[in-house]
Amino acid sequence: MRIGIDIGGTFTDLVLADDNGAVVASAKTSTDSLRPERSVSALLHGLQGRVKDRVGYLAHGTTVATNAVLQRSGSRVALICTEGFRDVLELGRLARAPELLYQAAPAMPPPLVRRRDRLEIRERIDHAGNVVRAFDPGAIEAAVSVVQKRGIKSVAVSLLHACVNREHELAIRRSLASRLPEIPVSISSEVLPEVGEFERTSTTVLNAYLVPLVSDYVRRLEAAVHLWNEETLVWVMQSNGGMTSADRASRFPVTLLLSGPSAGVVGGQSVAAELAVDDAITLDMGGTSCDVCLLPGNVPSISSDRQILELPVRLPTVDILTIGAGGGSVAWVDSGGAFHVGPRSAGGTPGPACYGRGGTEPTVTDADLVLGVLGDGQKLGDEVALDAGLARRACELVGKKLGLDGPDTAWGIRKIINAAMAAAVRAITVGKGYDPREFTLIAFGGAGPMHAADIAAELGIASVIIPPIPGCHSAYGLLMSDVAHDYVTPCGRELTLEVQAKLDELFGALEANAVSDLKAEGFPARHRRVRRTVDLRYAGQQATVNVPLPARGGDWVGRLGRRFHALHQHLYGFQAPTEPIEVVNVRVRGTGRINHSAGGGVASGARSGRAPKPSRSRQVMFERNEYVTTPVFARSEIDATTALRGPAIVEQDDSTLVVPPGASLAGDRGHLLLRLA
Amino acid sequence: MSNQPKARMDPITQSVIHYGLIGAVAEMKAVVVRTAYSNLWKHAGDLSCGILTPEGEIVAQGEADIPVHLSSMPYSLRGILSKIDPGLLRPGDVLLQNDPYQGNNHLPDLIMVRPIFYKGGLVAYAAVRGHYVDVGGMGPGSYSVLTDDIYAEGLRIPPVRIFKAGKLDRDVLEMLLANMRNPRERLGDFHSQMAGCLAGERRVHAYCGKYGPDTVMAAMASILDDAERRTRVAIAGIPDGEYRFEDFCDGVRPEDGPIKIAGKVTVRADEVEVDFSGSSDQVRGGMNAPPAVTASGVYYAIKCLTDPGAPPNSGCYRPIRIHAPLGSVVNPEFPGPVVAANIETSTRIAEVVTGALAGALPGRVAAASSGTSGALVLGADARQGNGSRRGAIMVEAHGVGHGASAASDGLNGRRVGLGNMSNTPNEVLEATFPITILRYELTRDAGGPGRCRGGTGLTREVRFDEDLTATVVADRVQVAPYGLHGGLGGGKAQFWVEIPGHERQAIHSRSAPLRLPKGTVLHFQVAGGGGYGRPEDRALECIQDDLDDGYLSPEMARKHYGVRVTRDESRPDGQWVASAPVSADSSSHEPSPC
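Protein chains in written order, with this note's numbering: chain A, 5 to 681; chain B, 507 to 1100.
Only chain A is shown next, with the shape it has when bound in the complex:
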């Protein structure tokens, strides 16, 4: 059997599945934010009789890396850099962030490595990789003594042009290893061998910042799991949507920054595959934020252009767009009289007004309650019973400033937050040359199913899928992921017939790394896969387009070029077939297959069109100022044999689904399929 455990900011979720990936049990508990492994222990021990078979595999999604950066609780790092360039990290790319641009007295948090801990080394490599000034191993002594004196726990090394020639970085790592064997060393030519000193340094420093904390956490987690079951191996979800061994996660924690959200996307991918959906969009809406991701051809989009706290992380990452839209997003009116919702969230305390914990500002959850999407007195989790009176009063308070009554204000809140999420989906579809109407929306997270239909309607999306346990969907996704490692090396040649030999050489070296890493993680040849891509651009451009390598033989260079022209046309609206094409980077992704077969739920039965039985009804507003008596169903009532037409509300433990008037709802292999009119 297998277990997926996703630790989020508020809850830790567990899903237990059999070896075919079919869900056997799920569970939820509050996250112990100081000792998250204790939440894991509690859930594991709570499984008791549910585990019938050996559990060899535990997949884990974690926010430990993200939180450490956001709370700046990582380790003191020494950064070794080229003489004359120690301020690269502090200077960034010079431009001010949007929120600072019109500030009369802007302030920024201090850099992750203080200036005193940025240590210069006399050495120089030029842009072509020639050693201009040799590195003197004796020069490392000063750095060693600083690290010892100051009790520094982790070292980052980022030298100018190290992506072209890593000789000096390797030499520094060797001498540090012999002098300070207990100190982990992150080198830029290994963490991110790409041109651009600030982004490479920033990514490397983030890695070094996280290594002590994350490796310690992974050790504690493994110990907790092994106390429960010695046979269970721990794997960790990376930002790229693939799993990695606990050991690699400890050495490259910067790859874990989107560990949890990626799992949700992979879960969505697996749902789409099961239901034979080609092009999907995942929408994960929780209490404070909403994550959206595009899966054209049912493959998650990948981006290397991401930031945390204004620090770029240039690693392949599932291209999730996060916006501050969640159940707790607060509605407000500015001094000019314009109406806004979010991005600030009321969080868990005081939380939405309807929680009755002292919150007075209306949130999205309050609006949903006033509109009847949620029911008065309905329980969220085991703790809170929602109070519609408090929600209405909060809406009226803000409504006064707008000349709107309580329900109309609630209507506006819902409309605006849905528009913000629709705009996010539009940014990842229309903004990248895709038509959202050709996609299916997969909605999960506690609040996703409440808002999915409106967002779909706004974008002209016809179908929405709700997975079986929307509130634990990321934990489910963890069980659907393979192991994946990414490797990159710069190429910098024009795409011509002659470049073929060079490409073979570069791919050969990367593939050897991929194979040896996967072997070390125990994957036999039949479970290993290697995928080759290249980053191409018109010579002279900046941004690259990642293009999969076509099969060999014939004029494959020509075919590669044509693929690139077509993609460029698709993404940017024009192509330049006579311009030379540059091969910027060569990339390899090594995949180790975890032996799961698709198909988690119950096979679809015959549709008898049975009408499900509502458990009660309530007043729900679907059109402005019009409450409609709407039946409420338990989710267990809906399966493949039922047919249901909106308006309706479908409730389950961890989520509530809105079925608007005219839409139809059916069950399919454990999922719900909503078709809009």
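Hints are supplied without guarantee of correctness; some may be wrong.
[Stated by the list, open to error] Straight-line Cα separation of at most 20 Å, DMTMM-like style, residue types lysine to aspartate or glutamate; simulated pairs:
1. B:K716 to A:E655
2. A:K617 to A:E655
3. A:K153 to B:D1079
4. A:K153 to B:D1055
If you are wondering where the hints come from, they were derived from the structure by calculation, not from laboratory data.
Starting from the known structure of chain A, fit chain B onto it as the hints suggest.
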């Protein structure tokens, strides 16, 4: 307009369209940056995108785009429409201009405007303003201040319809490219600018299709009205009165006296008027600010002090009046040169306005920054050198020290004022241009001493690996950035060259295009920001941190902060120890934040 909301449009639809338009300009920028050819656009992002109303007001602009590019867009568009009858515009037209005497900011910034029609009616304009690396003129990069008139600054493009009903006017384009260095790169940037305009048009079309063009236009009008209302509320919070301030830019030549910017800011109820009478006469050199640039400096300052959080648009600028005497450095007569006023003079104009209001808004105004883009323009020989580096042009801006404020030390090495382009990575510069960068680091002791310390700026040293032409445009060699409330001024800027076999030679903050031989080392050091509050009130631990981090030398710690500094080799974080002077005056009452 009155303060009472008139028949408002539905606030829900308005917000939806507002966020949509902001998304549209972000998409425009992404398209341009991703498809551009020059380092200046694809790495440094020296371009900005906006959506304007049919009346020519800017309603949505790129969030981190360049302030002077944006608030000047209405001026540039007005210039176009006074030449080209808006009634004759047709779908598929694209307009272009760069003439500061017809509303533009300076010659290198070409504005491209796409009128957006929906079902035959004009609903908006999509505009992309991009800094062309070269527009001809006396030196590579078209950026020297040492000119007598605008003709020497490069090619002046009056408003033209570069596309007529979707058809490119190749003759005009050929003529433009024939007057620009590296025409192939310029053409690549031109195409990407066009792609950006089209992206904006697609998005506005989508909203018109969904809500109808009338609703989209009503929403834009209402967005502007709301911004105006917010700004008026904030201005009303400033005590009425007349506030005066003056500051200086370096003279065009070392022997010229500094250029004076004198501002009188009058606050009356919810309106502001800025009068620049008493400023220097226009100068012989490209420091004269045309109306679009002067206004942008004033708008920027008022926006910062009234409503910094909300998205900027023309509504924020409606309560502002400007009086700039014709023939002065803030409103030159034709054909006065203007190129560097764009970021240099404009930022000084902004700091004169904020400086004037420092007393009226206690604690809200920072000391002066280094107030410059710190532009370094290098040109490789068009006939020697190898491959793509032949005739290549590099344009770099430098991060400066920000002024300290009541609450915090000034930022180190960031862009300031009305400019916000990034750097190009040093690794990319070395790979695409024949130079070796020897140092790229923050300057020690440049931050103005104070209870809060001024920020420090960049020092860069570059060795030329071929003969190159260098142009410097910076500031604050002659007059240091001012401190506030007892804080001292920032360290002045310094520029010099060492030519092999010659003595070190200082250069002024503005140079002619200088031909310098291979092996030359050029030193480029911008000024530090001014301090805030008395240096003797700075907390000892902040001084200690500055010593440990090397922002401050032991000598300057003694001199400016009056502390004792002794040496202790055994301290883990640094060898210098600051301690209170023997007769410590403990009159400090405000905590020093560091």
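To see whether the hints hold, each was checked on the structure:
For the given pair, B:K716 sits about 32 Å from A:E655 by alpha-carbon distance, which is inconsistent with the 20 Å threshold. Only pairs whose Cα atoms come within 20 Å are accepted, and A:K617 paired with A:E655 is accepted, the gap being roughly 13 Å. About 8 Å separates the Cα atoms of A:K153 and B:D1079, which keeps this hinted pair within 20 Å; it holds. For a cut-off of 20 Å, the pair hint linking A:K153 to B:D1055 stands: about 16 Å separates their Cα positions.
This entry does not satisfy hint 1, going by the numbered hints stated previously; all others are met.
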